[in-house]
Structures are given as C-alpha cells and as structure tokens.
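K.L.:
For reference, the chains in residue letters:
2 protein chains.
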Amino acid sequence: MTDLIAHITEKARAAKTAAGLLAVLSTAVKNRALRAMADAVSAQAADLLAANARDVEAARRDGRNAAFVDRLTLTPLRIDEMAKGLREVADLPDPVGSISSLTVRPNGMQVGRMRVPLGVIGIIYESRPNVTADSAALCLKSGNAVLLRGGSEAVHSNRAIATVLREAAAKAGVPDGAIGLVERTEREGVRVMATLDRYVDLIIPRGGEGLIQAVARDATVPIIKHDKGVCHVYVDHPADLAMAEAVCVNAKVQRPGTCNAMETLLVHEALADDWLPTLLARLRREGVEIRGCPRTRAAAPGIAEATEADWSAEYLDLILAVKVVRDLDDAMAHIARYGSQHTDAIVTSDYARAHRFLREVDSAAVLVNSSTRLHDGYQLGLGAEIGISTTRIHARGAMGLEELTCSKFVVLGTGQVRD
Amino acid sequence: MTDLIAHITEKARAAKTAAGLLAVLSTAVKNRALRAMADAVSAQAADLLAANARDVEAARRDGRNAAFVDRLTLTPLRIDEMAKGLREVADLPDPVGSISSLTVRPNGMQVGRMRVPLGVIGIIYESRPNVTADSAALCLKSGNAVLLRGGSEAVHSNRAIATVLREAAAKAGVPDGAIGLVERTEREGVRVMATLDRYVDLIIPRGGEGLIQAVARDATVPIIKHDKGVCHVYVDHPADLAMAEAVCVNAKVQRPGTCNAMETLLVHEALADDWLPTLLARLRREGVEIRGCPRTRAAAPGIAEATEADWSAEYLDLILAVKVVRDLDDAMAHIARYGSQHTDAIVTSDYARAHRFLREVDSAAVLVNSSTRLHDGYQLGLGAEIGISTTRIHARGAMGLEELTCSKFVVLGTGQVRD
Chain A
17 MTDLIAHITE
27 KARAAKTAAG
37 LLAVLSTAVK
47 NRALRAMADA
57 VSAQAADLLA
67 ANARDVEAAR
77 RDGRNAAFVD
87 RLTLTPLRID
97 EMAKGLREVA
107 DLPDPVGSIS
117 SLTVRPNGMQ
127 VGRMRVPLGV
137 IGIIYESRPN
147 VTADSAALCL
157 KSGNAVLLRG
167 GSEAVHSNRA
177 IATVLREAAA
187 KAGVPDGAIG
197 LVERTEREGV
207 RVMATLDRYV
217 DLIIPRGGEG
227 LIQAVARDAT
237 VPIIKHDKGV
247 CHVYVDHPAD
257 LAMAEAVCVN
267 AKVQRPGTCN
277 AMETLLVHEA
287 LADDWLPTLL
297 ARLRREGVEI
307 RGCPRTRAAA
317 PGIAEATEAD
327 WSAEYLDLIL
337 AVKVVRDLDD
347 AMAHIARYGS
357 QHTDAIVTSD
367 YARAHRFLRE
377 VDSAAVLVNS
387 STRLHDGYQL
397 GLGAEIGIST
407 TRIHARGAMG
417 LEELTCSKFV
427 VLGTGQVRD
Chain B
17 MTDLIAHITE
27 KARAAKTAAG
37 LLAVLSTAVK
47 NRALRAMADA
57 VSAQAADLLA
67 ANARDVEAAR
77 RDGRNAAFVD
87 RLTLTPLRID
97 EMAKGLREVA
107 DLPDPVGSIS
117 SLTVRPNGMQ
127 VGRMRVPLGV
137 IGIIYESRPN
147 VTADSAALCL
157 KSGNAVLLRG
167 GSEAVHSNRA
177 IATVLREAAA
187 KAGVPDGAIG
197 LVERTEREGV
207 RVMATLDRYV
217 DLIIPRGGEG
227 LIQAVARDAT
237 VPIIKHDKGV
247 CHVYVDHPAD
257 LAMAEAVCVN
267 AKVQRPGTCN
277 AMETLLVHEA
287 LADDWLPTLL
297 ARLRREGVEI
307 RGCPRTRAAA
317 PGIAEATEAD
327 WSAEYLDLIL
337 AVKVVRDLDD
347 AMAHIARYGS
357 QHTDAIVTSD
367 YARAHRFLRE
377 VDSAAVLVNS
387 STRLHDGYQL
397 GLGAEIGIST
407 TRIHARGAMG
417 LEELTCSKFV
427 VLGTGQVRD
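Keeping their order, the protein sequence lines are chains A and B. Residues 17 to 435 (the numbering used here) are what the first sequence spells out, left to right. Residues 17 to 435 (the numbering used here) are what the second sequence spells out, left to right.
By construction, these hints were calculated from the structure, which means they are not laboratory data. For clarity, every value in this text was computed on a predicted model and none was experimentally measured. Any given hint might turn out to be false.
Each pair may be met inside one copy or between any two copies, as identical chains are not told apart.
Stated by the list, open to error - Straight-line alpha carbon distances no greater than 20 angstroms define the calculated DMTMM-like cross-link-like pairs of lysine to aspartate or glutamate that follow:
1) Lys100 - Asp366
2) Lys32 - Asp435
3) Lys187 - Asp346
4) Lys244 - Asp289
5) Lys241 - Asp213
6) Lys244 - Asp213
Let the sequences and hints guide you as you build the complete structure.
P.N.:
In structure tokens, the structure reads:
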C-alpha cells in the first residue's frame, strides 16, 4: 500500500509540475505534438497490437464475455481511428488564452474572462484502450496535464499506448509528466488518486456505475461524473408521425449500447390505438424487445409487462419500455420521476408544448423533433468530446475542449482603485 | 444525532421539492417576492434588532473579541443595507432561461445552451447575519432553493431574518421550502449537510479556514470554496510611480480585512533605493506595519524582518510583507510559490510584461495597473456577488447570479437523426 501511494503520488506530482509549463505552451507546439503522436501510433501499430494481444488473451483466460473482449480488442482499423482522432484534436481551435468578452466598466477599466487550463485532470476508466489516446489528446490540447488510470484488464495496452504518445510528445517539446499513466491497477489506487487534491484538479470517471460510485464516495478532488442515461422520447399529439417513427427508431436502434440511446418511450394516449401498434411492429422487426404498460399491452398483443424497475432501467440493449401517457404534463412528470436527467426528446407539432418541454425538462440535453442520439460533442458542434457529464456544476452534457478549461478574470486598468 | 439528521434531511427534502417549482417560476414573481422581502425586513426591523441583541449579549458573555461582536451586530443602518441589497437583486437581469448562443449545425438543427438553476444550494457560514438575506436573495433570483446553515453565535438573528424573508416570499407566490434554514447548529450538522448529495446540489462554505476544511473533508456534495487570498501587487520598472503608489495604498489600506486586499508587495530592484523608501514611508503613515526582505530593510531603516511564514500569510490587517525582486520572472515565481491563486496585480508601463503577467499568472483575477480591491462582483460588472470562489471548476473568482446556474443543451430539430 505504501508503495502504491508513493507510485501514484509521484506521477501526480510530476503532472502538477508539467501543468505549470503546459499552461503557457504555444498552440503550434501542442498541435505539432498531437500530429507526431498520431504518426507514432501508426508507425508503432505492430507493438500496440502485440501488447493488446496479451490483455485479450488474459481476458479470454479469465472467461470474460464476448462484449467485454470486443471493447478491449485493438485492431489495425481501431489503431487508424486512434491516429485519426489525434489529428482531429490538432485541427480544433485552442481554447486557452481566448477572452470571451471584454467590457468596459464605468471607471474605464476593461474586464474580460480568459480561458485557462484546469491543471491536472485524472481520468479513471475501464476496458477501451482508445480512451488512453483520446483523453491524452484532449487534455494536451486544452493545456492540461493528464493522469490516466485504466483498468487492470488493459494494463499492457494502456502502457504501450501511453509510452508511444509520451515519447512522441516529448520530442515535439511537451514537458515530462504531461501524459502520466498510473501503471499499478490495484483497486485501492482509485481512492489514492481521488484524494490527491494537492496535485489533481479534477477527476473524470468513465465507466460503469460501480466505478463511478467508488470514485465519488472517497473523492476530495472535484469529480465530473459520466453516469447513466435513462433517456426518453415523448411522442405528443399532434405530431408528424413519420418523423416520430424515424426519431424513435434512430434513438433506440442506431446504437443501443450508448448512454444517449432511448430507454423509455412515452406516447400520447390519442396515438395509442392507431399509431403505436405500427411503431411497435416496426421496432420489433428491428429486433427490439418491448416491455409495456397495461395500455400499451392492450394496444398490441404479445408484449411483456413493464415492471416498476423497467421505468428506471438503462438497458444499453435492444429493449424498450413503453408507456402511454395522458398528455405533456403526465409525460414530464414521468421523466422527472424516473429519468436520469441525461437526454430527453419530444416529437410534437405544437409550438407551446415544444417550448414548455425545452424549458421545464431538467436534463443535460433537451431536444425537440430530433433523436436523443444527437447529444454528442461532434453532433452539437463542440468538436471532439471527452464524454457526457451528468454532473450539474462546471460542465453539463457533452464536454469538449472548452469544458476542460476554467476562466480567470483579466482586468486592464489605467490606475483604477476602489473608492 | 438521529434527531439532527432528521431535522436537516427534512429541510433539504423540502428544498428539493421547492427547487422543481422555483426553476420555472416567472421573473415577475421572483422580483415581486424580493421587493416584498425588502419591505418586510424594513417593517420588522425592531424584531430583527431584538433577536440580534440576544446573540450579541451571548457573544459578550462568552468573552468574544470586539471584531467578532462587530461582525455579529445588526444596526438600523445594516438592516437598511440588507433591504437595499434585496431590492438590488430584484433589479438585476434574471439569468434563468437565457440562451447564450444558438448555432445551426450542417444538418439544419439549431443548438444552444440554456441557463437553468443548479437546484438546491447549501450555504454554510459564520457570524455575519446579513449573509442570510444576501444568500437567500441571490439563490431565489437565480431560481435555486437555498438551505442556510449559519453558526450558533447568530442563531436568533438568522432565525428572525429567515422567518421574515420566508413569510414575505410565500405571500408573493414563492413555494414553501425555497428558503430553508437549518435551525440546529451543532457542529456535526455540517457533515450531515455536506453528505446529503441526494438533495443538495452545491455547497458554498463562507467563513474561516477551519470551516472550509471541515466542509471539504467530508463533502460528497460538490463544493465551491471561498478560501483565503494571499494577494500580490508587483511594481515593475518602468512604471508610472504615482499610479503605483495609489494602487499599492488602495490595495493595502482601503479595507485590509478583505480577501482581495494586498498582503505582499513585490518591487523591481531598480526601484528599491529611490522609490521604495518613499512608498514605505507613506504606507507607515497610513498605519501599515512593514515586514521586509533584507534588501527592503537595507533601503528603509526600522523595518522588521519578514520570515518564511510572512510570504504565505493572509494578515487581513494593516501588515504588509515586502520583497525586492530581480525582474518579472522573479516576481511571477514568487507568486506561483507563495500565492493562493486569488488576486494578483502588476503595475507596469511595459506592454510585453503586462501581457505576460496576464497570461502566465494563474489566479482567479489578474489585474494590470489597478488595485486588487477591484476583484469584486459589483466592480467587475456582475451585479451582486455571493463571494469570491477559489475553486477552479464551475466558477472561479467573483461569483454573481450566472455562476449560481448551470446550462443545458437545447436542440430545435426538424426530424434530425444520427447517421
């Protein structure tokens, strides 16, 4: 345990030292480093695949399921995507040093807010080794040092990737310690890292509920959770029903394993008898298992009963809970009670109800006449994203480069003092 | 202890319920309530003074010092200021519901970020009873429920103020529970409140270092600290020396007990022999005790030696540490090592060095040619402030109404789905 604390503390201290230098590193150097990192990932693909093979073999030996092994596995294509991701971050605008608005006060002084890096960002994550490269790139571009702590299942992959990135970055002029990897993956390390508030400015846990709760319980470092999404689509009446069908199918089927996929469908009672059965038939053809309220089951035969647990379930799978509601108020009450304040959409042709839904539904993203799957950094125009925050403070919803910074007040005076 | 937990939990639960209603309360109702609260404070001044007299008497009986008793004491003038503060908050623009920018994505959907309340804000504070009214006003205007927890020394004052505010607010249409006061002031209550993350969305501790550390240690609720300010003025060479004198005197003397007052003066060595002695003589005439580095002591006789502890001291008093530095880099290194990243200023006539100071000094407010005392919500144009945050995430530096909100993504679509 003493060893483990010493190892993590040493990495965190090195990151803190690097952060001071990174904060003033020029955009040109950062971009050059990101492109060099991309080149290095491609050039050393064989080494990365070999390291990954050791993790995959261990996962198979431990009897992990196919989905787990798939998330863990690197392929030449996935390594290409990793390199492409690094280049894309190089192409994004640098948020650091930008001043959002410079206003003049009555006494003549100019006041603005300048974007500056947060400092040291800890990322605690599971399985997918591409998180190592994505997180390192976004933190570097935003002027932050990163302290990466992946899971034991990907330790060889993460070490290999971090080494390739670190060496390429160093040659391009990035300070030592800017890309830190905690190489020991004992469970207790999470607690150690989450209490190093002397060195670490923010922790983002990316993974399952167990991981997030473990980090949140012990943390003295501020954390931004990327927690679960129990996302709803409410189909109102009147609505464009062809649009409603397209949105519902997309929200459920396009990639059901993601946090912004629809988990519960709410349908206005005026649509229960005519339109709902057609939609459900379509969803079932797409492979979706339906679990319905009594009214839903009366409208379409052969549907399982939704239990109380279904209304707050994040299936991450081709399963959908369906409930017929009286009206908008009933739909919003259901969302307030069972939702996770992640992503919720309404399909309607009524102006006033669209307006109320936008204003009154308290979720990180609220959409009118569009799919919940659009709640994503690329889709919303942030460029790359580090994830979707379910924390209310600092950054809510999709987080891009700007959300990895904070601001400071800058005052340009000509001798002003306080009366 | 069970009783205490039940009391605080009940207050927090009521606040959470109120928060749902407050989030959609109209600006007109909120402003009407704030003005009614101001009227009630004035109308019931005699009751407030009587309640406060009990607290003051107890403080005297307990042998509290004069500064403590002064902070605690209400006077007719202070009650007028409290009422005036409530009216000023009514006059500020409502941040809730505003959309900062609405951009159109290539697929035609409009994306914006809407300001929404944080939810329930806990304020844990000491002595000054005016914090009760200020915090209630700012939280109400920003659509948040507030859970106030003042110290035992002000329990009668706080209860009287909260009751007056709550009754006036209720008559104006503010939901029950919107202005909650924890009426039991046992020390353990701080821990109870700071771990009620089910109901409380943010805690702002306002008070001494002991209080802030106690909250931070145990909190599972996100917190924004209002911690200490070891603020610097660096007088560069060349600089307008009349301006430098005015800024230094203002930063130290105008109100030395505040967190943005100068605590350490750094002076370029070219100014050590001629200008520094004149400045120090002026400061001493203003009643300031000087503690200097060897070079400072050589330049002006009769100055005490600054110890290592002086460089990181927050005196909050008419005491000033003074150090002669080689140049800008030396000054910035000193600030990075000993400062508290609160408020730091440079006085210079050199463009490039002003630019570097702004960019490289990592503090919540960085000022050129102006007094550190200007780091304040009113001075910077935010309107009223709830305090000055020393936390990096969410809100850094002076916090106004907008910093008591978060944002959500709003998407106005016409049938967009994800490819």
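K.L.:
The structure should be examined with respect to each hint, and the outcome stated for every one.
P.N.:
Hints, verified against the model:
In this homomeric assembly, Lys100 and Asp366 never come within 20 angstroms of each other (Cα to Cα): the closest approach is 42 angstroms inside a single copy and 43 angstroms across copies. Taking CA atoms no more than 20 angstroms apart as the test, Lys32 paired with Asp435 passes in neither setting, with 39 angstroms inside one copy and 41 angstroms between copies. In this homomeric assembly, Lys187 and Asp346 never come within 20 angstroms of each other (Cα to Cα): the closest approach is 59 angstroms inside a single copy and 29 angstroms across copies. In this homomeric assembly, Lys244 and Asp289 never come within 20 angstroms of each other (Cα to Cα): the closest approach is 32 angstroms inside a single copy and 64 angstroms across copies.
With identical chains, the CA atoms of Lys241 and Asp213 are at most 20 angstroms apart both within one copy (17 angstroms) and between copies (13 angstroms). In this assembly of identical chains, the alpha carbons of Lys244 and Asp213 lie at most 20 angstroms apart only when taken from different copies (17 angstroms versus 26 angstroms within one copy).
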